[in-house]
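**Q** Each chain is listed here by its residues.
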Amino acid sequence: MTEPVLSIRDLSVEIPTRKGVVCPVDGVSYDIQPGEILGVVGESGAGKSMAGNAVIGLLNPPARIAKGEIWLNGTRIDQLSGDAMRRLRGKEIGMVFQDPLTSLNPLLQIGDQLTETMLTHLDISRSEAEQRAIAALQEVGIPGAADRLNSYPHEFSGGMRQRVVIALALCAEPSLVIADEPTTALDVSVQAQIVALLKKLCRERGTAIMLITHDMGVIAEAADRVAVMYAGRLAELGPVREILTSPSHPYTDGLMASTPLASRGKSRLHQIPGSMPRLNALPDGCAFHPRCPYVADKCRHDPGPQGVEGRAACWFPIVRERTA
Amino acid sequence: MLAYLIRRVAQSGLVLLIVGMVAFGMFRFVGDPIDNMLGQERTQEDIDRLRGQLGLDQPFAVQYFRFLENAVQGNFGVSYRQGRPVSDILLERAPATLELAAVSGFLAIAMGIALGVFTAIRRNGFSANFIMSASLIGVSLPTFLIGILLIYIFSVELGWLPSFGRGETVRIGNWTTGFLTETGLKALVLPSITLGLYQMTLIMRLVRSEMLEVLRQDYIRFARARGLRDRVVNFRHALKNTMMPVITVIGLQLGSIIAFAIITETVFQWPGVGLLFINAIQFVDIPVMAAYLMLISVMFVGINLIVDVLYFLIDPRLRADRAGAH
Amino acid sequence: MTDTPNLEKTPVRDKSRFAVAMESDFVYAFKRSPVAIVSCIVVLILVLSAVFAPLIATTNPFDPASLNLMNGFTAPMEPNAFTGDTFLLGTDDQGRDVFSTILYGMRISLFVGVAAVLFAMVLGITLGLISGYFGGWTETIIMRTADVQLTFPSILVAMLIFGIAKGITPVEYRDQMAIWVLILAIGLSDWVQFARVVRSATLVEKSKDYVAAARLIGRKPGAIMLRHILPNVLSPVLVIATISLALAIIAEATLSFLGVGAPPTQPSLGTLIRIGQGFLFSGEWWILLFPAVTLLALALSVNLLGDWLRDALNPRLR
Amino acid sequence: MLRTIRYAAIAVALGSAAQAAEFTWAETTDPQTMDPHAVNSAPVLGFLNNVYEGLVRRGKDMSVEPALATAWEPIGAGEGWRFTLREGVTFHDGADFTAEDVLFSYQRASDEASDTRSWFAAVSEVNVVDDYTIDIMTSAPNPIFPSSIANWMIMDSGWADANKAALPDKEAGNYATLNTNGTGAFRVTAREPGLRTVLEPFDGWWGEAEHNITRAELTPIQNPATALAALLSGDVDYINPVPIQDVARLSENPDVNVIQGIEARVIMLGFPHEADALKYSAETTDANPFADPRVRQAVAHAVNVPAILQTIMRGNAEEVSQLVSPAMNGFSTGLVDRPAYDPDQARALLAEAGYPDGFSFGLKCPNDRYLNDESVCQAVTGMLAQVGMRATLDAMPVQNYWPELRADNYDMYLLGWSPGTFDAEHPIRFLAATPNEEKKLGSWNFGGYSNARVDELLPMVQSEIDADKRQGMVDEITKILQDEVAYVPLYVQPLVWGTRSNIALTQRPDNFFILRWVTVN
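Residue numbers (my numbering), protein chains in the order written: chain A, 1 to 324; chain B, 1 to 326; chain C, 1 to 318; chain D, 1 to 521.
Careful, some of the hints might be misleading.
Said to hold, decoys possible - Okay, derived cross-link-like pairs now, DMTMM-like style, lysine to aspartate or glutamate, Cα gap no bigger than 20 Å in a straight line: (1) Lys-164/D x Glu-112/D; (2) Lys-240/B x Asp-112/A; (3) Lys-440/D x Asp-35/B; (4) Lys-200/A x Asp-224/A.
These are computed hints drawn from the structure, not numbers from a lab.
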């Protein structure tokens, strides 16, 4: 195993509110290898984007990193000074947002937004930056990139715009890209193109991608490994094939049962009862126990271990013989 | 684009006509001009003769249409008080008001935007809150009081600045400017602060709330996520988007500066059209009053038009889809 | 959207409506902002003292018979050379006790200010709703009248209305008329900003589905506007109302500076400042200072409250 | 307390011969026109006295002195006056001054289009005897004619014809409205109406200059506080008027002088004598209490003039008992005391007149015409209310005030009168005579006061040559007006000028500012 691009050790993010401190991310650890796409999945409010924001250092105050370490390419970045962190953003970590309609500055031409980012991080001449911008646009599949440089965001369709966003995120050749729900705002056909584009870029450039989504279909399609989040904690972590076909955490099992997968034919979709508890009103013991079909007494008192590679955060993980 | 312009100009013409009608209609109640034109020992017979001479005994409609007919050709009649064509008087006095409005307008906009951006960026900083509250004082005191206090402090007590008037002016063609002489510049200081303070506060608050709105947008978060320097994020990305909605309001503010000049000119005895208007009211000099209102409304409507066109040019979204409808 | 942790409180059934209100974020933010608390207290004190002026004030400055001219120009806290009376904040040129006149004057200023803003609000909201909702010709007419209106500075509008009103009202009602003319004049020059805000907000709300839904089930436009669009438009209107209340109070002062304000025998705060301004150089500083400070306190706290309200009510700025 | 300086000539010890200097001054209103015959108002005539000259002029003590006429004597038994003119006098443009110009100026000043026409009501004809002698015939003997034409200024006929200004043009203005060509001590070198007017000495002037001014500039400043600030900060050398309330403070200021005196203007209360009912009363709508002299007497007793002078006028004004101030010719020295302040007697008189619990009425006042006019009216309202006469005060700008008075929209009004001829006959002719349109009498007698004896005596006063007999008749009229309380005279308006301490000038009761008596040290 090569050295991971990103490795998070026991990361916790706290938000002090007037009703006590809330922990959207509670002791999460995972790594992403170069050229690997790690899917981070969970219901909304499970803390998946909060972890992403913590990594790139864009947590909206009063949220702050309480404990844990974030390592990027072997150097620790969670304690970097404001400016050091700023120089790192874009250069080392790229970010792709959810809604392409609002992610691009409506009054600036595409070319300017690209060259501006490159000139900030790479000491190259303006003309060379323009060449690279054209190349970046071609790479993300924008037709006739050369003469689209000086057109404005509103002259592109949703899908095209998301491609531009991806080009922008990658133009300074970061080693890690955090894609926060990149496909949610797009319609299905365009979603598939974007997923394919991300996979292609990941393979060709060896960039590690943290793909945050609530859509299991996207995970199945794109992710190499997957981290399932529930109520701020890591429920399960592992290769996507393994987790999807034989989940060992009851929550993941429920999730898979409620996702229409071609491979499972026409069995009735299973519905997980109840909804995810609010972060400021977590039940005792394992957060999932009120909804867990296999709940036992122990689960109600003891929160259970942190999920790590190969072991789910559950006292009674589901054990199956590995079929695949 | 052209169709839009024509429609706007037509609307502006309509506005001017209405202003003329309303203004002229109201003057009948402001007093009787004849009293100020005749001395102590006049008789009723003198009054009637002069009233006939000035055509004031005609029915209202006749007077109004004669006024409109002349106004269209730029002839606003003769001032009852000064016995000179009103257009000459206005031409003489306009530079003073325009220069004062320009300086205080610039002051208001420049300071307004700078402080607006500063208080938006450092939203909870102490200095930002202090500026916000201090600027409110500008809006919480009547303009005339601010003017008089400034005179009291800077002219009477400290003696740094002249207490009234416009200082020496240099005549260039038929424009007199106060910018080229030392006393002219010194005379500009206090009045432009008095006039500009009120507008500056309004612009500052507007820019602040608009900037806060923009700073919350995704493209700003994305710009930060790309590691751009704060200066670039705030000024290149955020400010440009902030300015869009602010332009229209600033246009309106400039319009009201000229109209607000009435008070400042009275307090500082600034020889502009505002003071002329106040004197015209005092001496019921109807031609001057009517001409002043027409001048102000032309300026106002003109500024409105320019602002709309400006908005059209700058915002690529509007320009792109050629949407004629505004 | 990034999944912000949901912080809503758990559903409560037992607490009374007031308790719920007290716990709301609005009140929480209020408690934590010193500016809001102080300005709120100042406004309360001033408004209450204005309302209970007859009880607090030592004399009734508006009753000409009770004035003793010889008491004129008495310095604060010092006995008058002729009559020996002493006054907390001194007296003005007519022998009126400055302290009581400020209270009574503030009554007029507040009354004129609040009434003018209400008048402007009602007018502005109706016209804004109508022009926003119906659009087309009505909108152009209303918006162009707004342009005409903006051409006339509020001071000018007031002076001309004053001229007209003086011309037509029978003379014995002239004193009461003066106050209502002030309200009309200031209100008339204020409605435009309300109309504009409400219009743009209505345009936004109109495009939303719930309005289309309401229209679908056959609600009359009037009902739609009032029950559906208006509540969503109130918060910007409320903010403008507070700011323009301060401006209205000051406009009244400016008008009295031009000699068009409240009648001389019933001076408002603005009239007092106009009188006081005449004595700036003559040494009777208290005639100007105390009314000016009161006006500043009133206008400043109303403005600060308006400012805080804007930030508090604007959900996205939290 | 009151530093009455009758003829305030500040004789400042001229140490070193003061070297020539520039001088700037400010007044509240700008002279409306430069045409001496276009407008008969104090600001215009006062200013033009420095540029044009009449046959006679008034000296520092208001006495009549020779000017363009060196001497004058009555013709026959009072059929007119013969004036011998001064020789060697030139106009500013160099033209010679002759009797021709006087005739032309008479025709111009007495024409329909000119505002000064009323001065020549008594003149029947004017004939030129020779280049330097002219006869002005009057329809009846007119003893005060020479002193009544001090403000009739002479214009050069050649200059007027050349510039098409033969008659004053009030409607559209003409060359004479903006330019001047007088014989006076100063020439107008720059004129921006409403902004500033610049004067420079006329070195060809016939008289000897007592001033050391090389350039004088008048800028109107409307806002009193700004004018005061200008004086205090030294931007102007002299301002007129100084707000009354600032007199005390300014007097202590070392680099500013306050010059006080009494003006010719008497402030009085007027009544609706002719009206048969009150217009603005809440309850007395069918009777006019002010028609009863006892009620008018009650008003006189109810108004505490000393208190008004003490507070509102800060001790700078003088109470008065008749329609003219003591400085005027024809002042009745024997009738000086006015009704004492006695509220009880006022209430008694009201009860006697049938109004035991008083009545309400409307008091009309200007708020920007006379010094502190609105404050005085407020004080009067308060005092009358204390005796039961409940007034509702309606103070308004002067341009609305005169039409209201002319339309009789008042129950009581405030009026100030400054006699143009500085003679007691003037106010009687305009305020006391029964209004008569043809004879141009009583044109400002709004209340319509009428007394047969007064109407009988007026023409006799106008034509009486013997000074004592004339004074006796004036005293009789004054006594009648006092007994019938035609008006309630309150006080003579104070004249308060402010100058920098290095300025010496002369203050005259007619409030005319004569530039040639100014010295800048």
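**Q** It remains to establish, for every hint, whether it holds in the given structure.
**A** Each hint tested on the structure:
1. Note on Lys-164/D and Glu-112/D: the hinted pairing holds, with a Cα-Cα distance of about 17 Å set against a maximum of 20 Å.
2. A threshold of 20 Å between alpha carbons decides the hint, and for Lys-240/B with Asp-112/A the separation of about 14 Å falls inside it, so the pair holds.
3. The suggested pairing of Lys-440/D with Asp-35/B holds, with an alpha-carbon distance near 17 Å, which does not exceed 20 Å.
4. Among the hinted pairs, Lys-200/A with Asp-224/A is consistent with the structure: their alpha-carbon atoms are about 13 Å apart, no more than 20 Å.
Comparing the model with each earlier hint shows no violations; every hint is respected.
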